[in-house]
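Since the structure of chain A is provided, determine the placement of chain B on it from the hints.
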Amino acid sequence: MSTRRHFLKGALAGGAAISGATLAPEACARATHTRPAEGLGLLYDATLCIGCKACVAACKQANNNPPEFSTEDKLWDTPLDTSGYTFNIIKMYRNGTMQTKDAEVDGFAFMKTSCMHCADPSCVSACPVSAMVKDPVTGIVAYHPEICVGCRYCVVACPFGIPKYQYDSPTGKIGKCELCRHRYADGHYSACAEVCPTGATLYGKTAELLLEAKRRIALEPGSVTRYPRGKIGGPDQSYEGKVGKYLHHVYGEFEYGGTQVLKLSAVNFEKVGMPDLPPKSSASTSETIQHSLYGGLVLPVVVLGALSFIAKKTVPDDDDAAPDDSQEKKS
Amino acid sequence: MSTHQHAAPAPVGGSLLNAVTVVCGVLILIMATILLVRFIFGLASVTNVNDGYSWGIWVVMDVMVGSALACGGFSVALLVYIFNKGEYHPLVRPALLASLFGYTLAGFGIFVDLGRWWNFWHIFWPGYANPNSVMFEVAVCVTAYILVMWIEFSPVFLEKLGLRDVRKKLNKWLFFFIALGVLLPMMHQSSLGTMLVVMGSQVNPLWQTPAVPLIYLLTAIIIGYGVVLFESCVAAASYRRSIEVHLLGPLARIMLGVLAVYLLVRVVDLTLRGAWSNAFAFSGVALSFWVENLAFVAPFLLIGTAVARRNPARLFLAGIAIMIGGILLRLNGFLIGYGHHTGTGWSYFPSVGEIMVTVGFFAIEVLGYIIITRRFPVLPRETAPAAS
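Sequence order for the protein chains is A and B. Under the numbering used here, think of the first position of the first sequence as 1, with each following residue one higher. Under the numbering used here, think of the first position of the second sequence as 332, with each following residue one higher.
Okay, chain B solo, but in the shape it has when bound:
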């Protein structure tokens, strides 16, 4: 790696008891109560999922969207270790931490949605596992990635615990886990898109395409950078730290490059398949398509120039635009642009219980992020360490 001097990570410190952590705690308790009801009385007792929309927000928001929003670690690792851009190294740990939580909770999210959860281990069991199933590939890759991420992140805990020998041994193999940590998200983020393919024409042609793995992979990378922009700004604001504009500006420029590639792929794919007419239908689905893609175009207007990329507010807004686009791409494919061939009249809107569980997952992420950044060396040290 090219030599770059930057502040090493250090715990932020401070109290763990504040308004945000208390609110998170309450939200988590509410979620736990709802989940208790769900496990005792079944999915219908708290969710609105039905046979026309069997996958609600616990799958689409918690897993499809949640894991995409957790791609910061993957996107930054790709940049730092594969494209050898060492100057972004201070972004690795915070991004990886958010990814770690996002993915672990995505795994937890799919578990609470499983109707016959006590059999979940069958997915990994030879004889039961079905390699033809896209979901099998996703489940195995996501599980492996969660383990790899904990290993990638473990130096943070080992540092804190002072286990230097273990750290040294791990460091020898860290490159391999980092490589795996780049490969696995490429595999399952693309496959999350491929999961739509078997649904055939039940998915609107705007989102049903053989190019869907590429579309989901590219957006996962872009969302990864968008989330880093967003999180860096939020972390800076809430911890009253300075915003790393010198890193985020160039990062945003790279994001725009990948975004341009993505939009090109999207336009070419829609044109080749002759799917544009669906975008001009007078329907909520078509509207949702335009909102999704306007959100993906917005960053060019927000941070298209070098001057604009030095403006933290614009970087923050561009990050949000990318997240909206990415969330809508997934919601559109799996829920808004999905419709059962048979039995019209199916409808789905998440129940309060479903929403509170998704909110509760989010609260675990925020609470975990706060606890770990305050107590463990994740964020770059704010001022240069005093020389000893």
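Isolated chain A (complex conformation):
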């Protein structure tokens, strides 16, 4: 049946055009973004963290968030995970007898969960209305509730599970760490870093934080070094401490093109809840596909032209006309 073959040929050609655009997208390839040179961030060093959760409390206060309870008596703020009302939390890894800190077996360790401020954030790429935007200078991924439509594509897209929504409210917002950008005007910086007693959370420019992280990994475990606290380049609050058994991996250096929050740990990152991510961001893959198909609307306009040309021939003037019409015309 030649017409059927004609149809299948057409279907195949259309498919080939799309797969061609999808699978060979060199022309429109969107490379993974890198961190802005002056980007701001945090360095979280799990070996320095003592799990005091001062950062959790300070974050609540700085962002004016209500307490969340997970205990019967509801005496104090005890969130079990980040949420629309909790933007920062310290989680604990436990194994066996939990005797040794930062040991994978029979040990325990801490890990901070808060926005990583990705170089190429999935949430920013996903957001249909630019409510989630990355500052070109500071690199802070900021959220604008007055723009947000509440579709929660950011919640679904983020590999770190960071943007979260306030489901209990008819006017719920997305909640996430914005690196305390609202506190910079009066000389403050990220509240979690400001209050951290051990310097486990350190604030600064990511480029400088990365150097500091690499300095630490290069040190001999057990040796003594100076650890800055608060803010890199701020007033000297450093102290002498023992070097931990770091993994030789600065988490966030390359993941998804890099993140502005960096992490050091002695325990395998996946075990403490940090996903194993490739250096290529999913946002770049997604946008490469989109721009290959829709860049400048070239492909859609060409296809529309072709379809219109064909439809002009196949759609008769009296298409859809009921026979009553033609009969009435005759009479």
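FYI, nobody ran anything at the bench for these hints, they're computed from the structure. Errors might be hidden in some of the hints.
[To be verified] Footprint (simulated), chain A over chain B, 3 or more residues, beta carbon under 8 Å:
no. : stretch
1   : 382-389
2   : 405-415
3   : 444-453
4   : 464-472
5   : 505-514
6   : 517-531
[Said to hold, decoys possible] Here are the computed lysine-lysine pairs in the DSS-like style, where the Cα-Cα straight-line distance is at most 27 Å:
no. : chain 1 : residue 1 : chain 2 : residue 2
7   : A       : 101       : A       : 245
8   : A       : 313       : B       : 499
9   : B       : 500       : A       : 313
10  : A       : 91        : A       : 101
11  : A       : 271       : A       : 101
12  : A       : 173       : A       : 60
13  : A       : 312       : B       : 499
14  : A       : 214       : A       : 242
15  : A       : 312       : B       : 491
16  : A       : 313       : B       : 503
17  : B       : 503       : A       : 312
18  : A       : 214       : A       : 101
19  : A       : 312       : B       : 500
20  : A       : 91        : A       : 245
21  : A       : 245       : A       : 53
We put the CB at the ideal spot given by N, CA and C, even for glycine.
Frame of chain A; chain B shown alone:
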């Protein structure tokens, strides 16, 4: 268009008050009540969506699946107007009507799920709109398609209202709207698949692939034909009309052709990416993958021969198999094969309230289809019109 003589569309007639319409009315009232609670107290008051599964069935069933099931109009228009198969023309109006409802309700479905719905217009507003977002493309294309479909379908109302001048003017431009009505679903049905890409490895490799736009586009076309098979059989049975086997048989054959192309693409893609091992994992996700693909293979067994394609029951079952496969492909990608990297222990199953809203949307579709086919010229006239 090649000249084909077929019965022109005419209203089916009959009473609008019967058991089916009353049940639909009750279901719609229940939905309205649940939605009232949702808008007053927030999403948590009626849904089970959470930060691990922020998109529940209101997004995945009502929008992803609902719009795919509404591809009959697109698939048949593609066949009739682009591949110039005029003999299928009687299928255009009923298919378009179902699509019109399916899509309009998909748009309504996304609206009730929006946490900050009063800002929805930002998606279309320059300055707010983000062209990098796959969802932006989907939202704009779906909205445009809904408008185009109402225009494509408007001759039905214009006929009824006797507005011949308007109809004539519209007819001059109808070819353009028909072309748009083919292009727009190609764009957003493929993009509905692309929406998975940014989620990265949170989506099981069985459904996370750069070929996902092609996979979603091909299945949308196939589901379109499957739904036409299904709907034609249901409409024939419930209106006690004869089944258009002479049209549905050849249509089913075309469907099988596209289905073969799809299965080839699927197998090649899974092989090239080395993703097959996920299908042999001992898990519910792997099981769901096999059910999905068995449903896509089933039509070859059901209606593989010309004789089988003359059997209405087999055509009906093949239509259902395709719908199951298409529904599962979307459920698998967005819910069953999706899992947050962080915070294990997230789970989601729709609440009764969520299910009743989705059921309510379906009830609006059925009720609308009944009212319009009984009162407006949509379905082909059953007996040849008496010559005047």
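Comparing the hints with the structure gives:
1. Only residues whose C-beta sits within less than 8 Å of a C-beta in chain A count toward coverage, and the stretch 382-389 of chain B has 4 of them, enough to reach three; the restraint holds.
2. Counting residues of the stretch 405-415 of chain B whose CB falls under 8 Å from any CB of chain A gives 6; the rule of at least 3 is met.
3. For a cut-off of 8 Å, the count of residues in the stretch 444-453 of chain B with a CB near a CB of chain A stands at 8, and the three-residue condition holds.
4. Coverage of the stretch 464-472 of chain B by chain A holds in this model, with 6 residues showing a Cβ closer than 8 Å to a Cβ of that chain against a need of three.
5. Counting residues of the stretch 505-514 of chain B whose C-beta sits closer than 8 Å to any C-beta of chain A gives 8, which meets the bar of three, so the coverage hint holds.
6. Note: the stretch 517-531 of chain B has 10 residues with beta-carbon separation from chain A under 8 Å; the three-residue rule is met and the coverage holds.
7. Among the hinted pairs, residue 101 (chain A) with residue 245 (chain A) is consistent with the structure: their alpha-carbon atoms are about 11 Å apart, no more than 27 Å.
8. The suggested pairing of residue 313 (chain A) with residue 499 (chain B) holds, with an alpha-carbon distance near 17 Å, which does not exceed 27 Å.
9. Restraint check: the Cα-Cα separation between residue 500 (chain B) and residue 313 (chain A) comes to about 17 Å, which is no more than 27 Å; the hinted pair holds.
10. The hinted pair formed by residue 91 (chain A) and residue 101 (chain A) meets the criterion: a straight-line CA distance of about 14 Å does not exceed 27 Å.
11. Note on residue 271 (chain A) and residue 101 (chain A): the hinted pairing holds, with a Cα-Cα distance of about 14 Å set against a maximum of 27 Å.
12. Distance restraint check for residue 173 (chain A) and residue 60 (chain A): the Cα-Cα separation of roughly 16 Å lies within the 27 Å cut-off, and the hinted pair is therefore satisfied.
13. Distance restraint check for residue 312 (chain A) and residue 499 (chain B): the Cα-Cα separation of roughly 15 Å lies within the 27 Å cut-off, and the hinted pair is therefore satisfied.
14. Distance hint between residue 214 (chain A) and residue 242 (chain A) is fulfilled; the C-alpha atoms sit about 16 Å from each other, no more than 27 Å.
15. Between residue 312 (chain A) and residue 491 (chain B) the alpha-carbon distance is near 25 Å, which keeps this suggested pair within the 27 Å criterion.
16. Between residue 313 (chain A) and residue 503 (chain B) the alpha-carbon distance is near 12 Å, which keeps this suggested pair within the 27 Å criterion.
17. This hinted pair checks out: residue 503 (chain B) and residue 312 (chain A) have alpha carbons roughly 9 Å apart, not beyond 27 Å.
18. Distance restraint check for residue 214 (chain A) and residue 101 (chain A): the Cα-Cα separation of roughly 22 Å lies within the 27 Å cut-off, and the hinted pair is therefore satisfied.
19. Between residue 312 (chain A) and residue 500 (chain B) the CA atoms are separated by roughly 15 Å; this keeps the pair inside 27 Å, and the hint holds.
20. Distance check on the hinted pair: residue 91 (chain A) and residue 245 (chain A) sit about 20 Å apart at the alpha-carbon level, within 27 Å; holds.
21. As the CA atoms of residue 245 (chain A) and residue 53 (chain A) are separated by approximately 22 Å, the hinted pair is consistent with the 27 Å bound.
Violated hints are absent here; each numbered hint is respected by the structure.
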